[in-house]
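Listed here are the chains, written in short residue letters.
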Amino acid sequence: MTSFDAIVIGGGHNGLVCASFLARSGRKVLVLEAESEVGGAGRGLEFAPGFRVSMAHLLNRLHPEIIRVLELEKHGFAPPMAVASGSTPTPNPSPQGGGGLAAVRLPQDLDKFEQEAATSSPSPLRGGVRGGGTSLAPNVVLSANADPLVLTGAYGETLDGISPAGAREWAEVRAQLFRYAGILKPLLARRPPALGGMALAETAALAITGLSLKRLGKEDMRDFLRVLLMNVADFVDEGLSDDRLKGLLAFDAVLGSHLGPRSPTSLLGLYYRLTGEIGGLPGAQLQPPGGMGAVMAALRKATERAGAAIRTGSAVGRILVENGRAAGVALADGEEIRAATVISAANPRTTFVDLVGSRHLDTGFVRRVQNIRMKGHAAKLHLALDRAPEFLGLPPEHRRGRLVIAPSTDYVEFAFNPSKYGEFSPEPAMEITLPSLDDPSLAPVGACVLSATVLYAPYALKEGWESGKPKLLEAILLVLERHAPGLRKTILHSELLTPVDIEQRYRMPGGHWHHGELQADQMLMSRPVFGAEGYDTPIDGLFLAGAGSHPGGGISGVPGMNAAKRILGMKA
Amino acid sequence: MKSWDAIVVGAGHNGLVNACYLQRAGLDVLVVEKNEWVGGAAVSRSLTPGFLYSNCSYVCSLFRPEIMRDLELPKFGLQVISYEGGAVFTRDGDYLANYRDHHAHRREFARFSRKDAEAYDRYARDVTRQCRFIQPLLMRTAPDPTSLKPRDIGELLYLGRKFAGLGAREMADTLRFWTMSISDFLDEYFETDVIKANFALSGIIGTALGPMSPGTAYVLLHHYMGEVDGSVGAWGYARGGMGAITKALADSFRASGGTIRTEAEVERILVGNGRAGGVVLAGGEEVRAKLVVSNADVKRTFLKFVEEKELPDIFLRRVKNFRMRGSSGKVNIALDSMPEFPALPPDSPCLRADMHFTDSVERMERAYDDWKAGRWSADPFLDMVIPTTLDPTMAPPGKHFMSCFVQYCPPKVEGRDWTDADRDAFGETVISQIADYSPGFRDRIVHMEIRTPRELEAEVGLTEGNIFQGELTFDQLLFNRPVPGYAQYRSPIGGLYICGSSTHPGGGVMGAPGRNAATEILRDLKRGVKHMSPAHDVI
Amino acid sequence: MRHFDGKCLSTRRALQPHFRKLKLDSPFQPRLDALNLQQAWYDWAGYKAPSALWDEELEYFAIRSQAAVFDISPMVKYRIEGEDAEAFLDRLTLRDVTKLKPGRVHYTAWCDDDGFVLDDGTLFRLSPTRFRLCCQERHLPWLLDSAPGFEVEIEEETETVAGLALQGPTSWSVLNAAGFAGSEKLKPFDIASFPHADGEVTISRTGFTGDLGYELFVDAKNALPLWDRLFEAGKLFGVRAIGYHALNTARIEAGLIVANADFVTAEHAIRQDRVRMPDEIGLGFMVDLKKPGYFNGRHAIENARKKGGPAHVLVGLEIEGNVPAEHAIVYHRKTREVGLVSAAIWSPLAKRNIAIVSLQRDYGKDGTADLWVEIYAMRELQYVRLMKRAKVVPRPFVKLDRRAATPPGAF
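Protein chains in written order, with our numbering: chain A, 1 to 572; chain B, 1 to 539; chain C, 1 to 411.
It is possible that part of the hints are untrue.
Computed list of chain B residues with no C-beta within reach of chain C, every gap over 12 Å [what the hints assert, rightly or not]:
{"id": "1", "residue": "P49"}
{"id": "2", "residue": "R114"}
{"id": "3", "residue": "R161"}
{"id": "4", "residue": "K290"}
{"id": "5", "residue": "D313"}
{"id": "6", "residue": "A373"}
{"id": "7", "residue": "R423"}
Here are the in silico distance ranges between beta carbons for each label pair [claimed, not checked]:
{"id": "8", "chain 1": "A", "residue 1": "D501", "chain 2": "B", "residue 2": "D436", "range": "40 to 46 Å"}
{"id": "9", "chain 1": "C", "residue 1": "E380", "chain 2": "B", "residue 2": "K75", "range": "31 to 37 Å"}
{"id": "10", "chain 1": "A", "residue 1": "S467", "chain 2": "C", "residue 2": "A192", "range": "56 to 62 Å"}
{"id": "11", "chain 1": "B", "residue 1": "H536", "chain 2": "A", "residue 2": "I208", "range": "49 to 55 Å"}
To give a feel for the contact side, a few chain B residues facing chain A, derived at Cβ under 10 Å [as the list claims (entries may be wrong)]:
{"id": "12", "residue": "A172"}
{"id": "13", "residue": "L175"}
{"id": "14", "residue": "R176"}
{"id": "15", "residue": "S213"}
{"id": "16", "residue": "T259"}
{"id": "17", "residue": "T262"}
{"id": "18", "residue": "R317"}
{"id": "19", "residue": "K320"}
{"id": "20", "residue": "V413"}
{"id": "21", "residue": "E414"}
{"id": "22", "residue": "D417"}
{"id": "23", "residue": "T473"}
{"id": "24", "residue": "Q476"}
These aren't lab readings, by the way, just hints derived from the structure by calculation.
All figures in this text were calculated on a predicted structure; none of them were measured in a lab.
Where a beta carbon is used, it is the ideal one built from N, C-alpha and C, also for glycine.
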């Protein structure tokens, strides 16, 4: 039998990234995936005959170092690498001027801010440039009371459908947001700073943050400190007057967490979103060709090429702990596989309570793990449509963007209210993508896949999801129909995943894609809990590498990468 | 024309505290007050014969004992009486009481859950630790983190050392505590709804937040860090109503030679060459002074009393963005007899303390949802006390004064101004909630005063009726309070200071802002502060 | 595991009037009331407990010369039962519970994650799957939060189980006369059950006096008959009821510590430097690093030992003179403050002035450090300040052969 240095539990993107980095450094690594396919929430699934989709449908934060080191471009993930590998950019066709208002270019000095905020070099993908076959997906805010607002480029470098005054406000707020997000970026990219007895090397993240804070200038620094833990609703009210823009920012700030726009600290969620980048462009997003499944396939290839073994269909039943040390795993069928290092990319509660077992841990630690808040609040809708839908007032070419139904801050806030009491939003907010427009292989010819993340759908629905699910579907379709009249009649098949479904399908407790609320009190050294922060755990030889660890979820790969670096650094 | 050394605008408790300290440092101080009485939001008013209402603030705990002692308030009649912990009535006809006796408290909680009853010890320990961390910060000026002045760096180091002294585990706990919602925080200790509601109320009183809003765990401290005679977290009644505090302050001020002018509403603060030189009263009278201290909130001070052109844009923008949305109302009731609450045993000490009807965090949060939508809560949260059970001076024998603090109550009703009809309807919501638990309650009412944010703004001068002179969210605390760069009681205008609850450490009848402002003013004047006793030790 | 006790409204209502009586009665209250000539009571965990009944000094001599009965019903007691009870307790506490056989008791302690002592107490193994944990403080949340992953039932039985400590040279004679045949076979830390009234009484050879003695546990409803049975049988053996002061003198002589008197329990310490590891309060012997499983605080304790051991030590001190040094400060060379006395008496049995103290580690070595105790003795409204030489001595301060003799002697 082959012996392994390290076993990675869970073949989601973080598990794969972690395994790749370890394998590239010469470790013998085995990835164990419970499902028949790796990729976790990024794997593509056929939800109706001929229609494929993945739970995660947008790429906006896959870390550039991962793309570079794992040479993902060689393994079939071309588009962003077209930039990083230095392919010649095509000139930028001017954004389409749809609707009544002309497209408004933002002031030039924005570029300067972005360069400060970005860690990699500026990218030719900017402003809707096509690079290697895929371009950035615009953001589109749909509103029942106004024309759609289109934000093109990396998070709205240009706006379409807004007054010049509104565009000026946006330019300022956008620059401010990127400036501040840029300060937090090193904190989110590295291992979280430790509180007690910090090693010199570990102060790096704090030092860089401190330095960039100093660079801001006094008044900007004051505002940064003031707004840091503010709610997004008040923040946008200070600088913006367009409801659609406010609604978008509010939506992006709370997407994936149990907060409303008026909840203090909700602005952090927006920073988190804006620290992501694609092709060196902070805030950019794209719909990967072939869907997220293709990204996962590239990661799988990279992992295998790095020398790691992958076993699918191998659910781990238990992490073996001997004399306080991890010694390997026992599969659900009883097979034992031994290794000195075990890395869990699974949810932290699953890892500690189910796989390790509380008898190997301190009571206070288990108590904290049990207290991690991780009840999901988002549902995922997949529609198989017989043709591409048409949205009111939206030029068809913008349909390939991310369409957001969050026409105002209050819309999102009032959608949030019922979720606090275990009820779903009667008027849900949502983000919609039509992945098959970019990649026709995802649907039969002429047909269309609609993928939507829907807020709010609480994991613990009071009435239970059996009876609640059809009601939520109806509520969603009513909203959709309002913005895309006639859409209902084109539905061939629908699949609504509630947090409970997501929990079961993707083995994410609570159906929470961050593996735990991403709120201020569960961030940095408190992520997932004090005592297991920074990827170490109380069990020697056991590490965490999933979204439950710093910095959090989304297809970033950062927890996986950082965990690998931590492990490699320890042995060195 | 006489020129005063200092004019204090507004005779609220912080204005008076400030004025007392300045006067005792040898300054010639004038306090101007728009109402015909002093006290701001700490008053006792007789609105119906024989009764005194603490018609704004109604209970006392936070007022700093150092100030009571420095200003000899007991000599001027101030007496604070502790009371027993209160009760939450449950909808099923039971109640949850808070008893002072440790074991009675435990046994009471154990009626609902044994686990929660014992978890209380750990909860109390953890909250006490947070209180002990924050308490020494109350009587200190917040440092400016962007400043390189030795004093700011020194204060930052003090904060840093205090924080580092906590140990890694407690540092993490503290960071979490400051950013958590009270509801999430309580979930980590308790499993019973009514027990959580019993504690959650301290996280929301006075704030425009619901118990599920992050940051409300911190607000809890604003209700726990006070004391009565060294008993930290205890609450009491000021004998004679809350006006007894400001009356004692005013008497102390006058006794030390200070002057108070009532019915002297400030229209404008005189500014020339970037310096404050006095005030203009309604009617046009100018009163000159070397410096002006405003007890009014930061918005009123800089957006109403001072012309925009005198202020830097960035300061003005930040003041405009300062949030002080009113979230509470008040119903003051004169009763011709003691109301009965059949759920409570007739000899329950809870009748002499604070009583509540909101028995779940969800009800509290739903009350907040109404406020977000611009309505007063249909099922409001009430903090109800009957001070006359311990203080015979506020009503004729056998009759009672009842104070109901009500949350939530918006500064505007669905975007429009309050009307009298709205106010009465709001009052009715409160009365009907009480009457649900107290049969015959309506018949005992002799007189009633209903106060919405409109009344609080009009009479007390609190912008939007916010009782803390500004919300207690992170973006408005410590060096951010009231606005970054001006958190040290000074303003962009030379000789103009602010000393109200808009400044650090914030609201509550605490007096700390008034005292801290006096410290800064005397520092600028290079005067001694020997008449200010050092902050009490936290040992 | 959720523990709702008060879901039912009528149950909750029936308990409402508890506020009228701030101190609970013990199941033995009628007997205590009758004997408490002093009417001197103190609060023990919410119960009304006697501090002295007729004369605290004379009560002490009942312990050392005859047989003393002390009501231990207020002691916090948990029933811990189930298939995994042994594993649960092995993870919870410091000592190896797999070595504790049914019918045996051991003295143990348990810690939080950081290795700080939450409490100490006695663990009774009543059967392979049933235990009783007795201690000073209440720990239900900690016990329940330690339970996930174990098949175990946890229930507080403080109110339902009454307890009596029967201590002193004639204590076995009293048991024997009361008809508890076979009690002579009990070795120290043995447990056995005996029929009593319509149920049974559990008798362990344990105690808090360092003397020959037993503890008896009985269903609360059978408490008074047990009292009467002992007092009837004990007439000829001088059985007397005693209060806490007498017991306290005996326990200090025996060198035994009391939670929240001699150390602060971790869940109650507000000041973070007040908590103590087992090594710091003389309980290091309990820490069983050889047991295979993990136990709460193990990592922290191991790490602390690796880093050079405890910051404090708890030791016995013998002080010159005869003035008890309670809560006095201990100095090195009369100048440097190095510790604090938590309990002190003039020992009637050892005829020495003794104390239990917490010292900075380096000053705790037997007999070598130059230690002084500063005693402030209030005498007729004036402090007499004494600076007395002291030395570290082994605990217990008195050792009685009769404590462990099996079969026990008649006197």
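For each hint, the structure was consulted:
Every Cβ of chain C is farther than 12 Å from the Cβ of P49(B); the closest lies at roughly 37 Å, confirming the non-interface assignment. For R114(B), the shortest C-beta to C-beta distance to chain C comes to about 5 Å, within the 12 Å cut-off, and the non-interface label is violated. Under the 12 Å C-beta cut-off, the non-interface status given to R161(B) relative to chain C holds; the minimum distance is some 15 Å. The claim that K290(B) lies off the interface holds: its Cβ sits roughly 46 Å from the closest Cβ of chain C, which is beyond the 12 Å cut-off.
Residue-level check passed: D313(B) sits 46 Å from the nearest beta carbon of chain C, beyond 12 Å. No Cβ of chain C approaches the Cβ of A373(B) within 12 Å, the least distance being about 34 Å, so the stated non-interface status holds. Residue-level check passed: R423(B) sits 37 Å from the nearest beta carbon of chain C, beyond 12 Å. One distance hint, 40 to 46 Å for the beta-carbon pair D501(A) and D436(B), holds here, with the actual separation near 42 Å.
At roughly 35 Å, the beta carbons of E380(C) and K75(B) sit within the given window of 31 to 37 Å. Between S467(A) and A192(C) the beta carbons are some 59 Å apart, a value that agrees with the proposed interval 56 to 62 Å. Here the CB-CB span from H536(B) to I208(A) is close to 41 Å, at odds with the stated 49 to 55 Å. Hint status for A172(B): holds, given a least beta-carbon distance of 4 Å to chain A, under 10 Å.
Checking L175(B) against chain A: minimum C-beta separation of about 7 Å stays under 10 Å; hint holds. Proximity of R176(B) to chain A holds as hinted, the smallest CB-CB distance being about 4 Å (cut-off 10 Å). For S213(B), the shortest C-beta to C-beta distance to chain A is roughly 5 Å, which falls under 10 Å, so the interface hint holds. For T259(B), the shortest C-beta to C-beta distance to chain A is roughly 38 Å, which exceeds 10 Å, and the interface hint is violated.
Against a cut-off of 10 Å between C-beta atoms, the interface hint on T262(B) is violated, since the closest Cβ of chain A lies about 37 Å away. A least Cβ separation of about 8 Å between R317(B) and chain A falls short of the 10 Å threshold, and the interface hint therefore holds. Interface hint status for K320(B): upheld, as the beta-carbon distance to the closest one in chain A is roughly 9 Å, under 10 Å. With 10 Å as the threshold, the beta carbon of V413(B) stays out of range of chain A, its nearest partner Cβ sitting at about 16 Å, so the hint is violated.
The beta carbon of E414(B) is not positioned within 10 Å of any beta carbon in chain A (closest approach about 12 Å), and the interface hint is therefore violated. A hinted interface residue such as D417(B) counts as satisfied when its beta carbon comes closer than 10 Å to some beta carbon of chain A; here the least separation is about 20 Å, so the hint is violated. Taken as an interface hint, T473(B) checks out: its beta carbon lies about 5 Å from the nearest beta carbon of chain A, inside 10 Å. The closest approach between the C-beta of Q476(B) and any C-beta of chain A is roughly 8 Å, which is under the 10 Å cut-off, so the hint is satisfied.
In the structure shown, a violation is registered for the earlier hints numbered 2, 11, 16, 17, 20, 21 and 22, in ascending order.
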